[in-house]
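S.K.: Chains A and B are the protein sequences, given in the same order.
Residue 464 in the working numbering sits at position 460 of the first sequence, with consecutive numbering throughout.
Residue 237 in the working numbering sits at position 173 of the second sequence, with consecutive numbering throughout.
Hints are computed from structural coordinates only; laboratory data are not their basis.
Treat the hints loosely; a few may be bogus.
[What the hints assert, rightly or not] Here are the simulated lysine to any residue pairs, SDA-like style, with alpha carbons at most 25 Å apart: (1) A:K857 <-> B:T307; (2) B:K448 <-> A:R814; (3) A:K842 <-> B:T307; (4) B:K203 <-> A:R814; (5) B:K472 <-> A:C909; (6) A:K863 <-> B:L379; (7) A:K850 <-> B:S207; (8) B:K458 <-> A:P916; (9) A:K908 <-> B:Q416.
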Amino acid sequence: MAMENQRSEQIPGVDPNSMEKCPANVASQGHASVVVGQCSWPSSNEQVSVSWNYGANNGLENSTSLSSVHHYDPLRDSAGSESVHTGTASYPSASSNLAATNTSQDYAGYVPYSSSSYHYGYGNMEYQSNYYGYAQQAGYASYQQAGASPNSGAAYQSQSSFQNTGSYAAPTSYSGTYYASGNQMAAGYPNNSYWNGVSAGGYPLQYSNYSSSDTHSAPSASLAGAGSFPYQQDCNQWSVNYGTSMSNVNYTFEPGNIVNGTVPSTTFPVQSAIGGYSYASSQPPPPGTTSWKRDLGSSDLTSTKVQTDVIARYSKGIWEEKPPAAQNYHPNQNTVQFQIPLNSKPIVHENHAQSDKTTSPQGASLSLQVSSNIHVSQPFQTVATVDARRVSKMQIPTNPRIASSMTLGMPKLDKESSTTNTTAKPAYIPVQVPKPTNHVPSNDDTDAVIKMGVFPPTVRAYVERCFSRCKDDTQRAANKLMLSEIIAKAKEDGSLWTKNWDMETLFPLPNSASNAADQNTLQHIIPSMPKLPSRRIKSRWEPIADEKLDDKVLSVNHDTTKNISWAEKMNGSRMLENKDNGWKATKFYLTQQQTQLSNTTQRPLKKPRITDNLNITENGDTSSDSDKEQELTRHYSTAIALANSPEEKKKRENRSKRFEKAQASQVDVKLFKPKGSPVGNLYLRRASAMLLAKNYDDRSSRAVEDIDWDALTVKGTCQEVEKRYLRLTSAPDPATVRPEEVLEKALHMVRSSQKNYLYKCDQLKSIRQDLTVQRIQNELTVKVYETHARLALGAGDLPEYNQCQSQLKRLYADGIKGCHMEFSAYNLLCVILHSNNKRDLFSSMKSLSSDAKLDDAVKHALAVHSAVSSGNYVLFFRLYKTAPNLNTCLMDLHVEKMRFEAIKCMSKSYRPTIPLTYITRVLGFSSLVQTGDCEVKDANGLEESEEWLRAHGAVLIVDNSGEMQLDTKASSATLYMPEPEDAVAHGDTNLAVDNFLTRAT
Amino acid sequence: MAMAYISMGEAHRRITDFLNRFSDAISSQDGASLKPLLAVSSNSPLLFSIADALNVFQDWGRLLKQAERESQQLGEILAPHLRCIQSHRIGRFVDAYVSFEKSANAFLQEFRNWETAWAVEAMYMVAHEIRVLAERADKELSSMGKNPEKLQGAGSFLMKVFGSLAGKGPKRVGALYVTCQLFKVYFKLGTVHLCRSVIRSIETAKIFDFEEFPSRDKVTYMYYTGRLELYNENFIVADQKLTYALVHCNSQYEANLRMILKYLIPVKLSVGILPKMWLLDKYNLTEYTNVVKALRSGDLRLLRQALQDHEDIFLRTGVYLVLEKLELQVYQRLVKKIYIIQKQKDPSKAHQIKLELIVKALTWLEVGMDIDEVECMMAILIYKNLMKGYFAHKSKVVVLSKQDPFPKLKGKPVSS
């Protein structure tokens, strides 16, 4: 019924793939239930929950680093990593889930590359060989969670099958994430001072799972083809592992970059390579014990150069290793293809082609695969925005051991990817390596700069290059400004497409942030620059950043302690920071988005930014130590993301279309409008309030008062009187909420309506909902609840009545006027008749004021109580006939039971017979009010009572005078309580609740 | 005020003395001397003097450093404890409670590590104090219009304490005391359903031998569980438990006896056993006097009157519903009286009682019931086995069995 409706309504929603989302309900009531949607995949839907978790997780991370915008230079990255790695980013975003998923999986499997690996990760390279070997044997499936995967079992399976390499690719779409994730994940590692602090707690757990995952891997490998792989278990394990492995792939979706129309531009998988996978052997050593880590650390500290060397070396190693890997993958690719059909139609072919290439001995083939995937994803881009959000939340757990430091970077498909594919790469690498820090972050900025419109990929590369030089936020900000100018200029003079951007010289950067004052001024100068959190500045990452490139930069020595302390501080001040940054960042992004939107008309759906930003905002919070906390955060972040997702908005729009006329939906459309739209701001405001709320939960020490509840409250604008009830699955939309005056009319409409109870109940529920989301608590509220309670009583709908009653109790307690006495009586009757709990009874008796005891209705209820407690059926039915208000309705539900008790009592204590007329009278069958012993013959009543008696097994005889008599002795043995014939679960159309409830009591 | 006269030196001395006593008690595992140091709410002169000293010597944290140097755990117990004493003295009960809870948690942490039961007595004190302080804090909170939630917090702390005691070790004898504190909390909060889990582990866990517990705790335990049974109208079990409590309760504690009797009397009445009037007088349970009289004489009106007169008491203690059900016994008594009178007049026809006679009697008692209702009551009396016989509808006569027409309840409740 209602539920079904809701569902069906949602389905038509946005996604061609029929992806359905059940957004979380972050109603003002404070439930945030994260329900995730399900894709309507043909394949089984198992696993939803698991996958969801991943998603949530990811979201968390992503959101965490909202405040810090990182740019990532794919070019450099790929070069550095040597292994190619391409921006995976495009995939997730682009596709509806599946496409994204697949691609990312591929990448993950092949090249778990992490920018972090630059820093210390190089050590990992050594182990790559191990990794490969291992991968082959074990056939680890790395779980990738793209948006799609949660929904469809298929996705999972396929993943498992082809991801023997077992690295996780976590497609996180938001560049900001990079840091955060790094922090979070790495935390567990003792050696890793960088990462310190965030999620250290999780580590041991994850660890233990290692071995188990190993065992799993074997089956997975074997089953890969079959697709019947028990991925559920694996999933769980993976998720656990994931933390350990810390390989994170960040995908960024850039709506702006549709260079070729097919090729999504930026991708940057950020994989922080962390200890886990470095272990060649199947048994992972305890964290921190491995030598390579130490190497990493040392390399960090010493100099970039060392790193570079290391990288070069390793990268070579990688290349060498690759061929086998490629072979390995080949089989997997099939799976990929298999998946794709599910997701999207056209892609398959391309994929095949790609897979062929894969076979080639070169490591390059990997990248090829990637590209094929990219293609796939492309068509979906419109949809993708929606998905991107989701994807971002997804975490792809990697088998830590396997996750090698290889990265698939496909920066810009066209040019870059080709480069990547060719063997030429190795030469490339050493040069570019030194920049790891900035790679990741740069992407976002790149996005910011480039986002407005179609640009040649080279431009993008250029922008990314520029950003990669930036050491810190200040520089980045400045960079951004300048870039925007340059690009705008190029656009103006038409050189955008003609210029050789690859050759373009980089403009000088302002000095780095070592000078705080500078920073400040910079920040002032650059208005659009979000205020970055202090942590960003302190970040461990900075120092490593290009000493080579930027000579002026003072090498900031970030040592472990510093970092640790930072982490601690972060924990402590997270809340505060979030408040600020979350706000600002969100705002900032919004602006970004809006400009973007206004500039581009081509792109159908540009919403993702908002969501992204929200996610990122949340990211500031990632550093929770306990899983529980994380889960909570995840929960909220998901909820928020969902609430603000374009998909959701679209849905809302749909809804409003349904319920309201064009006018109303226009209001809704406003949401899509750029900048300054009050509604949009409201959303943001609300979102940030939610963040606060979430934070409140995280740290109980914060007072509830700190939450801006007003921001969460909606002021309705809908003028429609009639509105169907739909359970909110997201933050309420003002356009579909009716203001008080309209609600008053609606109430009147319901009261005077001639329609049936179901209709009225539905209407009243929607009124109640609107009242609740607007936090209206006044006499109107009371009236609505009273009306609904009465109607529910009339229909015997006790559950609904109970809801109203409990609300009323609260409202009356707040001193709002209403029919308090009437409802006290109902409450009393309810407890007396329908609850077995003696304590409830006397506590509600206790709570009666002495005034209340003088009220007729209450007196009646108390009299009913004493009749019931003594078993006085005569009195009970007398009261039944004379009940005030709707007391009768409540008593109705008890009548059957009372009659049966009475007839049992009579059969036992009367001899030899009882006239039917008497029974009819005392047991209330007669419609006439009985007075004394004048026996009124009421044919209807007699018939009814006879029927009832027979139905309950009574033995009736006719005596000499022709009067019907109950043979008590015979009856006492044969009486029984018949099963209610028409008892149905609540909700049947006839509302046969009477029977249902009677039986329940 | 007295504290004004304390010199800094004196304050210093007192505080160091207190700290020394505390740490000595712990290091020598002397529970008896530790116990009074924890009794914040006891208004003992010792703690008063400490509190005054703390208020004079505001920098007592410095003194604490020394204690902390010896043992960090000790510092974690003592710092909040001293703060608690200080806050309690100046009537800031919420602060006192919060500090005490911290201190108690630290203490519990240590307590878990002590294998012998030397500190059980001290833990009793902690359990008691946390409850008392929580009650005071809640009073303060609700007077400020805030949500009184501290008692709940105390409840969960006590659960933790229970967990630390419920083991095989020698400390398990302390479990019942904590259970009783929990009962007090839950009864006060009105969340008696939470008692069930504790009761289950006390009564079913093999580690506990009920007889092994101190009798003081056993009595308290039986008192509370008896009350619970009374609420559930399990009169037989309630009778057993409350009787146990009554018998084992130290007869010097008249207040305790009275509390037990308050619940035992309705239980006994429900199973047909009436107390002697002197008992009611002795323990000042006069609210039951008329109830008992009504039961003796079959005076329905008196019963209803008594219930109405003491409604608030009976509702508060939760026995109202139980007493209400005594009505049937009063009817039985009434009919029995009529039967006896009839028998005196004419033994041969005594077992047939005309309905109108009963109606007349009730009318005389000013209980407004018409003949249908009275007929119904007679049917119910027969149905519930308070009367043997049958009712003849045609002739409107109650026909009583010649043997034992009014069976006694004999310690069993009225069948339902």
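S.K.: Against each hint, give a clear statement of whether it holds in the structure.
M.R.: Here's how the hints hold up against the structure:
In summary, the hint linking A:K857 to B:T307 is not supported, as the alpha carbons are separated by about 36 Å, beyond the 25 Å threshold. Restraint check for B:K448 and A:R814: not satisfied, since their Cα atoms lie roughly 41 Å apart, outside the 25 Å limit. The straight-line distance between the Cα atoms of A:K842 and B:T307 is roughly 23 Å, inside the 25 Å bound, and the hint therefore holds. At most 25 Å may separate the alpha-carbon atoms for a hinted pair to count; B:K203 and A:R814 meet this at roughly 22 Å.
Between the alpha carbons of B:K472 and A:C909 the distance comes to roughly 20 Å, so the proposed pair stays at or under 25 Å and holds. A threshold of 25 Å between alpha carbons decides the hint, and for A:K863 with B:L379 the separation of about 17 Å falls inside it, so the pair holds. Between A:K850 and B:S207, the direct Cα distance comes to roughly 22 Å. Compliance with the 25 Å bound is thereby established for this hinted pair. Taking the CA atoms of B:K458 and A:P916, the gap is about 9 Å. The hint holds against a cut of 25 Å.
This hinted pair checks out: A:K908 and B:Q416 have alpha carbons roughly 23 Å apart, not beyond 25 Å.
In this structure, the earlier hints numbered 1 and 2 are contradicted, and the remaining ones agree with it.
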